[in-house]
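So you can see what is in the structure, the chains are spelled out below.
Protein chains: 6
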Amino acid sequence: DFLHALHEVPPAFGASTDDLARCRLNGMADCGDRNKHIYQRAMLLVEQVKVSKGSPLVTCLLEGSSGSGKSALAATVGIDSDFPYVKIVSAETMIGLHESTKCAQIVKVFEDAYKSPLSIVILDDIERLLEYVAIGPRFSNIISQTLLVLLKRLPPKGKKLLVIGTTSEVGFLDSIGFCDTFSVTYRVPTLKTEDAKKVLQQLNVFAEEDVDAAAEALNDMPIKKLYMLIEMAAQGEQGGASDAIYSGKQKINIAHFYDCLQDVVRY
Amino acid sequence: DFLHALHEVPPAFGASTDDLARCRLNGMADCGDRNKHIYQRAMLLVEQVKVSKGSPLVTCLLEGSSGSGKSALAATVGIDSDFPYVKIVSAETMIGLHESTKCAQIVKVFEDAYKSPLSIVILDDIERLLEYVAIGPRFSNIISQTLLVLLKRLPPKGKKLLVIGTTSEVGFLDSIGFCDTFSVTYRVPTLKTEDAKKVLQQLNVFAEEDVDAAAEALNDMPIKKLYMLIEMAAQGEQGGASDAIYSGKQKINIAHFYDCLQDVVRY
Amino acid sequence: DFLHALHEVPPAFGASTDDLARCRLNGMADCGDRNKHIYQRAMLLVEQVKVSKGSPLVTCLLEGSSGSGKSALAATVGIDSDFPYVKIVSAETMIGLHESTKCAQIVKVFEDAYKSPLSIVILDDIERLLEYVAIGPRFSNIISQTLLVLLKRLPPKGKKLLVIGTTSEVGFLDSIGFCDTFSVTYRVPTLKTEDAKKVLQQLNVFAEEDVDAAAEALNDMPIKKLYMLIEMAAQGEQGGASDAIYSGKQKINIAHFYDCLQDVVRY
Amino acid sequence: DFLHALHEVPPAFGASTDDLARCRLNGMADCGDRNKHIYQRAMLLVEQVKVSKGSPLVTCLLEGSSGSGKSALAATVGIDSDFPYVKIVSAETMIGLHESTKCAQIVKVFEDAYKSPLSIVILDDIERLLEYVAIGPRFSNIISQTLLVLLKRLPPKGKKLLVIGTTSEVGFLDSIGFCDTFSVTYRVPTLKTEDAKKVLQQLNVFAEEDVDAAAEALNDMPIKKLYMLIEMAAQGEQGGASDAIYSGKQKINIAHFYDCLQDVVRY
Amino acid sequence: DFLHALHEVPPAFGASTDDLARCRLNGMADCGDRNKHIYQRAMLLVEQVKVSKGSPLVTCLLEGSSGSGKSALAATVGIDSDFPYVKIVSAETMIGLHESTKCAQIVKVFEDAYKSPLSIVILDDIERLLEYVAIGPRFSNIISQTLLVLLKRLPPKGKKLLVIGTTSEVGFLDSIGFCDTFSVTYRVPTLKTEDAKKVLQQLNVFAEEDVDAAAEALNDMPIKKLYMLIEMAAQGEQGGASDAIYSGKQKINIAHFYDCLQDVVRY
Amino acid sequence: DFLHALHEVPPAFGASTDDLARCRLNGMADCGDRNKHIYQRAMLLVEQVKVSKGSPLVTCLLEGSSGSGKSALAATVGIDSDFPYVKIVSAETMIGLHESTKCAQIVKVFEDAYKSPLSIVILDDIERLLEYVAIGPRFSNIISQTLLVLLKRLPPKGKKLLVIGTTSEVGFLDSIGFCDTFSVTYRVPTLKTEDAKKVLQQLNVFAEEDVDAAAEALNDMPIKKLYMLIEMAAQGEQGGASDAIYSGKQKINIAHFYDCLQDVVRY
Ligand SMILES: Nc1ncnc2c1ncn2[C@@H]1O[C@H](COP(=O)(O)OP(=O)(O)OP(=O)(O)O)[C@@H](O)[C@H]1O
Ligand SMILES: Nc1ncnc2c1ncn2[C@@H]1O[C@H](COP(=O)(O)OP(=O)(O)OP(=O)(O)O)[C@@H](O)[C@H]1O
Ligand SMILES: Nc1ncnc2c1ncn2[C@@H]1O[C@H](COP(=O)(O)OP(=O)(O)OP(=O)(O)O)[C@@H](O)[C@H]1O
Ligand SMILES: Nc1ncnc2c1ncn2[C@@H]1O[C@H](COP(=O)(O)OP(=O)(O)OP(=O)(O)O)[C@@H](O)[C@H]1O
Ligand SMILES: Nc1ncnc2c1ncn2[C@@H]1O[C@H](COP(=O)(O)OP(=O)(O)OP(=O)(O)O)[C@@H](O)[C@H]1O
Ligand SMILES: Nc1ncnc2c1ncn2[C@@H]1O[C@H](COP(=O)(O)OP(=O)(O)OP(=O)(O)O)[C@@H](O)[C@H]1O
Ligand SMILES: [Mg+2]
Ligand SMILES: [Mg+2]
Ligand SMILES: [Mg+2]
Ligand SMILES: [Mg+2]
Ligand SMILES: [Mg+2]
Ligand SMILES: [Mg+2]
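Chains A, B, C, D, E and F, in that order, give the protein sequences. Going by my numbering, the letters in the first sequence line up with residues 3 to 269, in that order. Going by my numbering, the letters in the second sequence line up with residues 3 to 269, in that order. Going by my numbering, the letters in the third sequence line up with residues 3 to 269, in that order. Going by my numbering, the letters in the fourth sequence line up with residues 3 to 269, in that order. Going by my numbering, the letters in the fifth sequence line up with residues 3 to 269, in that order. Going by my numbering, the letters in the sixth sequence line up with residues 3 to 269, in that order.
The hints are simulated quantities; they were obtained by calculation from the structure and are not laboratory data. Being a predicted model, the structure only gives us computed values, none of them experimental. Any given hint could be a false lead.
Same chains, same label: a pair holds when it works inside one copy or across any pair of copies.
[Claimed, not checked] Subject to a maximum C-alpha distance of 30 angstroms in a straight line, what follows is the list of computed BS3-like cross-link-like pairs (lysine-lysine): (1) Lys55 <-> Lys194; (2) Lys159 <-> Lys227; (3) Lys110 <-> Lys253; (4) Lys200 <-> Lys117; (5) Lys226 <-> Lys251; (6) Lys200 <-> Lys38; (7) Lys226 <-> Lys55; (8) Lys226 <-> Lys38; (9) Lys159 <-> Lys52; (10) Lys38 <-> Lys52; (11) Lys52 <-> Lys161; (12) Lys161 <-> Lys253; (13) Lys117 <-> Lys227; (14) Lys253 <-> Lys117; (15) Lys117 <-> Lys89; (16) Lys89 <-> Lys199; (17) Lys227 <-> Lys89; (18) Lys159 <-> Lys251; (19) Lys52 <-> Lys200.
If we strip away everything but chain A, and leave its shape as in the complex, we get (with noise of 0.2 angstroms):
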C-alpha cells in the first residue's frame, strides 16, 4: 500500500517559500555570537554543496533544545541559499496520515529534489517525523528506515543536496544511529545573559537599571520562552498594561517579570 500511498501524494506541494516564513514569524534577532558562528558554518556547507564535485550529498543536523531557534535558523539558511528547490518536510501538514503516507510524502520531496541541481530539503523536528515518544520509546521504523536510506542515497549525477535536520532528542536520534548518518552536528545554544542582554535591549521594555538582572534570570533559556515570558510580563499583574509597554511609555515591573518566571520555568 506504499504504492497506493504515493499516489494520495498530491502532485504540487504548495509555495515552500511561505513554509520557511512561517518559521522565521518574528523575523531573525541577534542571539549572539555562538549562533552566528552556526550560520555561517552552515552556509559554507551550501558554498561546498554548490561547487564541489566530490561530494553531491552533504547533510547537517541542528540539534538544541527545545524551543531555541533551530527550525528558524534551518529556514533562514535556507532562504539565504538562494537554491532553486528549497523544501521542509515538517510533521505539521502530515496530521493523521498513515506511517507509509507519509513516507510517502518524503520520498517524494527527495525525488523532487533529485530533479534540481541544486536542493536543501529540511527536515524539521526529525523525532516528531519519526512519531517518537519517550515512553517504550515509541517511533516508527518505517519512517526511520527511510529516512536512513535517504540521507546515504547519492543523488543522479549532476545534481547536489544539502539535508538540514533539526532535533531537541538528539540522544535518541543517536541512539537509533542517526547521528553517524549526518556529516556534521551542531548544538543550537539556549541564551547565554550576555546574549539575553541583546535580545532585551532590542525588545526595550525594560528599564535601564533592570535589564541586567533580567537578563541574568533569563540565563539558559531558549529564545521562544524567553518572547513568551516577556509577552506575559508586558499585561501587568492586573491585565491592559501591554500597550503601554510596547510603546514605550512604560516599562515592565521586574518583581511582575520574576512573577511570570515562576510560571514558565518548571523544575
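Once you have looked at the hints, place chains B, C, D, E and F with the ligands on chain A.
Only chains B, C, D, E and F with the ligands this time, still in chain A's reference frame:
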C-alpha cells in the same frame, strides 16, 4: 483510513456552552486563594491572546489530583473569556471510537478554531483522550503525536488560540514530552483545612461546634470527594435524614460523618 | 467497526430479573455481621441516589476473594432496590465476542439506563469483562477506557444511576486507576469460624459434637468453597450417602470431611 | 468473525467414544495405589454431579508430568461414567485453526453438553488448547478468557456438567488463574519403584533376577517413557530380538536396557 | 485462512529422493565412532517402528553444532530405511511463505505419511522452520504449536511413523518444550583430532608429515567447515593450485593452511 | 501476499554494472596493506568458486565501521570477477516497500543468479536490508529468515555462487546468527596514520610540512569522513578557496583544517 475517519465526523458538534455548563453542575463555590489565583492567571492568558501580536498560540495545562476541580475551572475560564469559539474536547463524546476517528475529531475542533479570530480549545482529561493506562504503560501514540503537533502549530495569520489542557496524570504527560509543549502549567490544589471550612460554611450542614473538626478531617481532600461524602453523611445512619438536613432542620451527626469518611478514603 | 458492532447488539437483553436470580441459586444464608453491614451500606447508597439532587451518579465496588459472595450480594441489592432498571453486565453473555462488540454491549446497557429515572448497572467480575490475565499482564484497553469514561460520565439531567462493580482482582483494578473512579469500595470477607458455624447450623449435616471442629477447619473459606466441600463430603467415602445425609438420617463423617478438605484447599 | 467461525464448525463431531478409546491404546495397567485413589475420587465426583442438587457444575483438574497417564485416566473416567454425553476437547482436532475458530469449537462442545442432562467435557492438554509456549510466555488470551468463563458458567436449570481438565503445565495454569477456577486438583504421579515393578511383572520381559534392578532404574518415570524404553530395549543390540522377547522365548539383556535408558533420560 | 492456505499447497511435492540426495552432495565419509553409533541407533529405531505393535509413533532429535552433519545423517537414515514414504520438510522450499501456509504444508506432509504403512518425516533445521531468531527471541508460535501437536499425535490404526528432527539450537527447542516431546535425542559431534585425521587421509591433500599437525589444528571442527577450509587452502596463496593438489601432484602448504584457518575460525 | 509481491517485481533490474560503478564514484585510491590483503583474499574466493567442484556456494562478509569502504570493495571484487551475473542488493532501490515485497525482490535476485553458471550477489548494508534499528532492537524477521535460508541453500547442480555481504553492525548480525552462516568474515579497517598519509599525498592539498600532522590527526578515520573533511577544509574559512586548492595554487590552512575536524568528529 484517516481521511475516511474525517468523513465520519459530524458537521457540527452541538451547543458547546451546554458542554461547558455540564462541567459546573453545582455552580462554583469559593475554594480558597490558590484556586482564585490560578483563575486570575488563566484570565490574564485570555487577555494576552486577545491583545498580543507575538503570541497567536498560548497553551496552558491545569494539573492536579482527581476531582480537584480542573475541568470546572477550565470551563469557567472558557465561559468568562467571551471568545466566539470555545470548545471542549472530551473522551465522553468519543467512547468506543477508533483511534484515528478520535484524531480526526480532535483535528476538526482545531480546524474550526482556526476559522475564528479568537478561540479556546479545552483538552479535558488528556490522559483519557490518549487512552492512557498505567500498566505497560499503554496509550495511543497516534493521538499523542496529533496533540503534540497541534500544541505547537501556529494558527493561520490573524487568528489567535488559547489551548487549556487538564490532567490528573501529569507525571505521565511529562514523561512523553507533553509538559514541555505547554507554555505554562498550574497545579490545581486539593482543599486545605481552611478551604474546606469555607465550603462547609456555605453548605451549612454541620452544627457550629462540629465545623472545625469536620474541616480538619477534610484536609487535603479534592472538592469532588467532599461533596460525595457530605451527601452520604446527610442520609443519616438509618437513611431518610437528608431532607431534614438540607432544609436546615437537622445537622449531620459528626460520628456518622467520620464513619462515612472511612468508606470514602482509601489507604 | 464500533458502529457496526453497535448494530450487532440485540435490541432487548432478555429478562434481567432472571439474570439476577441466577446469581443466588441457593438463596441467601446469613453469613455474619460484616456481610450484613456491607449490604446495609449499599442499600443506603441506593437511597442516596434516589433522594439526592447532587449525586446523579454513585459508584460502588465490591471486592473480595473468589467465591466470597460478591455477585450474590450485588444481585440482592439490585433486587431489593426496586429500581425500574436493574441490569447485570457479565462476561458470560459475551463469550468469544470481539472487544469492540463487548464495548458496544456495555455502552448499550448504560444508554438504556440513562432512559430510566432510577437505574442500577452491575458490572460483574470486572477483570473478566476486561479480559484480564495476570501474565503480561494482559487486558483489553478498549474496554477499560470505555469503563473508565462510563464510570465518570454523568447521566442526563433528571436521571440517576448507581453502578455496582464486583472483582476478585482489586490489586489489578487499582493499578489501572479503576479504584479511584469508584466513590466507595467494600471488601466482601471470607467466612470466619463463627460465620461458618452459622452456615453449618442452617445446613444441619454434622453431628452436634462435630460442628465446632468443622467450623474451625472452615475458617477463612469463601462461601462457594464451603458449599462444594459439604457436597463432596456428603457423598460419603464409598458414594451413595448423600440422600441419607440431606434427609437428616445420617451425619457427615468428620474424618471423611477432613479428607475432602485436603482435595479442595490448595497450599 | 467469531460468529463466522461458529458456522465453520461442523454440525457433528464424530464418534466420541472412539476419541476416548484412542487415549488408552494399550489398555490400562495397574499403576499403583495413588493412581487408583485418584480414579476413585474422580468417580465420586461423577456421582456427586449425578445426585446433587446444589452442584450442577463440578470441575476437576488432573495435573502431572508429561506422559504420566492423565489423558488415559480422564478418558477412563469418561467411559466408566455412563453419562449420555462425554466429549474430549483436544488440540489434535484443531491443528492450524485460527484462535476464534478454536473458541467456537470449544463453546460448541459446552453448548451441546448443556443439552444433555448429564455430561462430561474433557479439556485435554489445556496448555496446548491455549497455544502456550514457555518463552514470553505466549498463549491465546481469547481462548483462555473463553475457558475461564466456561469453567464458571452454570449449566441451564436441570442440567449437570463435570469438566475434567488435564495439563502438564500446572505452574503456568496457576499463574493465569486457572487453578482457582477448578473445584479440585489431583496430581497424577510418575511411577515409583514398586509401581514400575508391578508394570514390569505384567509385561514379563525381564529375567526374574533382573526385575528389581530394572524397576529401581525406572523410579520416577512416567508410564509413557517406560513403554517406549521397553520397546527400544526389546529390539536387542543388533535388532531383530523383539519377537523372541515378546513371545517370552528370550529376556531383555539388562546391560542393553541400561544403555537404552541413557538415550531416553535427559539430564 | 488456514483452509485457504491448504489449497495453495501443490498436490505433489516432487521427488523426495532427490531432496534426500542433495543433503549428501559429497557422499558420506567415515567421521569416527560416535557418528557411526548414532547412525546405528537411529537404524534400530527404524526397525522398532517397523516391527513394534506398541509404538506406532517414534520421534528422534539430532542436535549439534552448525555444519556437524545432522541433515546428511538424517537423510542417510531415510534412504537406508527403505520405507515407502520418506519426506524431508525444509525451510528451503518454503522461503517467504506466510506462517499459516507453512503450517499447511507441514500438516500435508504428515497427512500423506499417515496414508503409508511405514513413513519417515525429517523436520530439517527445526529452528528455521519455526522462523527462530535469538533476539527477542522471536519465532512462529503457530508453527511451533502445530509441530508440538504433530509430534504427539498417533498415526491412524495400522500406520507407523518415525519423525527425525535436526537442530543446531537445542537450547531454544528445550526452552519451548520441544525436547520433551522427542522420544530420544542424540548429539551429533564435531570432529575430534582422530576423526579429522581419518577424513584428511581419505582426501589425501597433505604431505604425510603434515597430516598430524593439520588434524590437530582441526580438532573440534564441524565437517562442513573442514571441507570449506581444505578448498580454500587448495587454491594456494596465489590461486591456481587446486588442480595440482586434487590430482595429487602437489600438497597443500601447511603454512598457507594455517593462514586460511585464521579466516575461517571466529574467536 | 508473498506470491502477489513476486508479481510486483519488475522483470529486469536495470544495468547492474551501473549500480556497481556508483559505489566507487571517486575511483579507488590505495588505502594501505590491510585493505589490499582483503581484496586479494576475496579474489581468491572468486577463483575458488570458479574452479571448485565441492563448494558451489561460498559466502563472505565484509564488516567494518560506517564509511570504511566496504561497499566500494565489494563492488570492485564484483567488477574484477568477470562473472556473467553480478548483482547488488541494496535498500536504496527498495525504499518504502513492504517487507514481503523486499523478500520477493531478494529471492528474485538469487533465482536469477541460479540461472547463470557463475554469479556474485552483493548484499549491501545487510542491517539496512533487515530494517534494523538498535532500539528494541527491531528488524524484519521475515527478511532475516529469508536471508538465513538463502545463505545456506545450494545453487542447482552445475551453478556456482559467491555471496558478499557488507555491514557496519556486525555485533547485531552475530547476535541473530548471521555470522555463523558466512564461510569467512573480513574486517575492513579504518585508515591508520600511514594509510591516511598515502591518501593525502595522492590528493596533494596540504603543504609538504603539514602532511604528517594532518595524517596524524586523521588516524583511525574512515575513508568517507576523510573525503568529507578535506572538502570542507578546502572551502577555506571564508569560502571560495576550493578552486585554488584543487588546482594546486593554494594549500589547505592547517589551522582551519583542525577546526573542521572538530565539526566532523563526534565525542
Ligand atoms: N534569532 C531569532 N530572532 C528572533 N526570533 C527567533 C530567533 N530564533 C527563533 N526565533 C523565534 O523563536 C521561536 C522558536 O524558534 P524555533 O521554532 O525556530 O525553535 P526550535 O528550536 O525549532 O523549537 P522546537 O524545538 O520547538 O522545534 C519562534 O517563534 C521563532 O520565530
Ligand atoms: N469551585 C467549585 N465549586 C463548587 N463545585 C465545584 C468547584 N470546582 C469543582 N466543583 C465540582 O466538583 C466536581 C469535580 O470537579 P471537576 O470535574 O472539575 O474536577 P476534575 O479535577 O476535573 O476531576 P477529574 O480529575 O475527575 O477530571 C464537579 O462536580 C464540579 O462541579
Ligand atoms: N449469603 C449467601 N447465602 C447462600 N449462598 C450464597 C451466599 N452468598 C453467596 N452464595 C453462593 O455462593 C456461591 C458463590 O457466590 P458468588 O458467585 O456471589 O461469589 P463471588 O464472590 O461473586 O465469586 P466469584 O469471585 O467467583 O465471582 C454462589 O453459588 C452463591 O449462590
Ligand atoms: N494405567 C495405564 N496402563 C497402561 N497404559 C497406560 C496407562 N496410563 C497411561 N498409559 C499409556 O501411557 C501413554 C501416556 O499416557 P497419557 O497420554 O494418558 O499421558 P498424559 O499424562 O496425558 O501425557 P501428556 O502429558 O503427554 O499429555 C499412553 O500411551 C497411554 O495409553
Ligand atoms: N559423513 C560425512 N561425509 C562427508 N560429508 C559429510 C558428512 N556429513 C556431512 N557432510 C557434508 O558436510 C556438509 C554439512 O553437513 P550437513 O548439512 O548435514 O550439516 P548440518 O549439521 O545439517 O548443518 P546445519 O547445522 O548447517 O544444518 C554437507 O555438505 C554434507 O554433505
Ligand atoms: N579505496 C578507496 N579509494 C577511494 N575512495 C574510496 C575507497 N574506498 C571507499 N571510497 C569512497 O569512500 C566512500 C565510502 O565508501 P563506502 O560507501 O564503500 O563505505 P562503506 O563502508 O560501505 O560505508 P557504509 O558503512 O556507510 O555503507 C565512498 O564515497 C567511496 O567511493
Ligand atoms: Mg523546530
Ligand atoms: Mg476533569
Ligand atoms: Mg462473581
Ligand atoms: Mg495427555
Ligand atoms: Mg542441516
Ligand atoms: Mg556501504
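Enumerated hints in conflict with the structure, sorted upward: Violated hints (numbers, rising): 3, 4, 14, 16; every other hint is consistent with the structure.
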